[in-house]
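So the sequence lines, in the order shown, correspond to chains A and B. Under the numbering used here, think of the first position of the first sequence as 8, with each following residue one higher. Under the numbering used here, think of the first position of the second sequence as 8, with each following residue one higher.
I should point out that these hints are in silico values taken from the structure, not numbers from a laboratory. There's no promise every hint is true.
Any copy, or any two copies together, can satisfy a pair, since identical chains are not distinguished.
Unchecked claim - Here are the computed lysine to aspartate or glutamate pairs in the DMTMM-like style, where the Cα-Cα straight-line distance is at most 25 Å:
hint, residue 1, residue 2
1, K176, E295
2, K258, D47
3, K258, D196
These are the residues of each chain, in order.
There are 2 protein chains.
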Amino acid sequence: MADAILLTSGASLNAEERGRLASAYPSLHVDGPDAMAGLDPAARDGIRAIAFKGHAQMSGAEMDLFPNLGVIANYGVGYDAIDVAAATERGVKVTNTPNVLNDDVADLAVAMLIAQCRTMRNGEAHVRSGAWAREGEIPLNRKVTGNTAGIVGLGRIGREIADRLAAFKMDIHYHARSEKPTPGWTYHDDVVALAEAVDFLFVALVGGPATEGYVSRAAIEALGPRGVLINISRGTTVDEGALLDALEQGKIAGAGLDVFLNEPDIDPRFLALDNVVLQPHQGSGSVETRRAMAVLQLDNIRAFLDGRELLTPVN
Amino acid sequence: MADAILLTSGASLNAEERGRLASAYPSLHVDGPDAMAGLDPAARDGIRAIAFKGHAQMSGAEMDLFPNLGVIANYGVGYDAIDVAAATERGVKVTNTPNVLNDDVADLAVAMLIAQCRTMRNGEAHVRSGAWAREGEIPLNRKVTGNTAGIVGLGRIGREIADRLAAFKMDIHYHARSEKPTPGWTYHDDVVALAEAVDFLFVALVGGPATEGYVSRAAIEALGPRGVLINISRGTTVDEGALLDALEQGKIAGAGLDVFLNEPDIDPRFLALDNVVLQPHQGSGSVETRRAMAVLQLDNIRAFLDGRELLTPVN
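Pulled out of the complex, with its shape left as it was, chain A reads as follows (with noise of 0.2 Å):
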């Protein structure tokens, strides 16, 4: 085989993103990390890139499995899949697909928000049921303009979100590892100090062992009964545990989650529950989105195998 040989791996690449990476370099494909061992080791000496998508979790002993390997290149913003320290170890770099990303993750936030706040689950169901003209309005519900919002980690998707809901005449607060230059926005250096100052608390960490269950149980709570609770960052940022007690407890108001733990396998608690708005870890969804991040992976593997500086590395 011939010298750049890239191996696709994750099931869930489309037939248009498969089609584009083949046309480019040689390819191979197999469904995720778990089958990587299974190939022929004459193959695997030939790869030199990897494109990486999906959450099954890639670490040191797939890497040994390519002696040649330089390069892994995630499909996503979020890399947590992929054990970064072990491929640093290994010279292999990582690189990710940032910011192409981040205005389709913060429209889908705003719209969980404006939906749970004003019951438009319950609204459409109502309408197509005909509930409406045999039963009249629906329950009043929450106003959403005006409120305070606070966001936990003001990363790129974080700033979006932000910069959106200030023109719902929302005061910003968050909470980051340090202060930062902002419009006039309040930091707390604390997420439960933060969870108490707001009514919606927006989740936009990134993913990884070291933001586990970081809004912890008493950031939950300290949201307090009018408190909406938005996460699009990953099911592991949030003790969703003590989350699923406060929503069943009505210790808040409600939530918005595009991220679950275990996805998609997430945890029967949710589906019984009618205060919130559940979504399939469809925050960079669009058919516009996920071409700009296929385009972006590929342009990694490219400058790697150039020789070029990659474009967005994450080691």
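Could you slot chain B onto chain A? The hints should help.
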């Protein structure tokens, strides 16, 4: 009966709203204009103000039932149910409740757009039915940020919508009776030309005979197969038959509708459509906003009965 009797009209005034009015002034309650003729003539003589709510027509004939009527205070910004010309002829003042509901209506408009483009109804069903775990991801959908938006009717609500959309990095176009001072938004003197120029068309017209079918079949078709129409004004402002045809035939991509002809007995053709977000005319339906509307309605009545200037007169 006392001199300043108030008649609360409209079946949909809730207990809190009735209570607020009744504790302020001696009051009678009837379920809408049809029931007015059934009141005792002596009681009718005492009526000086009508607190009006609902969409049943209040014409000159009903006004003539109340020889001492001075003001009809409408609950809502849209007063197309009230024959204002007939009121003016009779020296009867009409008031409405503008501004206090702008935020809620604009919030819902934006959320309907995102929900439609990002297929949030399908996303929610996918999670709740377990299809996510069984079948994988939902189909990719449509990016919202960065498109071009058009506003038909750049009044107070239209401006609130445009201000929010600007935070989603949209170019704003609009059509109104005349060009207005705006932050760089593009004016079109024709609604068809506006529809041709934009991806998303928001209808924020006042209701009434002057705007009946204003968003015409030609305008709807000019939006094109990628176009999305959002209506938060009145069902009358859009040629609804043409809209249904366009949605059924894929001449436009979708719609988000909070208002319909013949609410709540809406055309069943809507219920067969998957490319629409349907809400039960709940644009102003938050607890906070409805309370503000009821207070402003009562404050207009107070001002009239005290001989002070009306807060938000229509005629």
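How do K258 and D47 come out at 25 Å by Cα distance, when the copy is not named: within, between, both, or neither? neither (55 Å within a copy, 51 Å between copies)
Intra/inter-copy verdict for K176 and E295 if alpha-carbon distance must be at most 25 Å: between (29 Å within a copy, 15 Å between copies)
Evaluate K258 and D196 at a C-alpha cut-off of 25 Å and name the case that applies: within, between, both or neither. Within one copy, since 24 Å is at most 25 Å while 52 Å is not.
Hint violations for this structure: number 2 only, all remaining hints satisfied.
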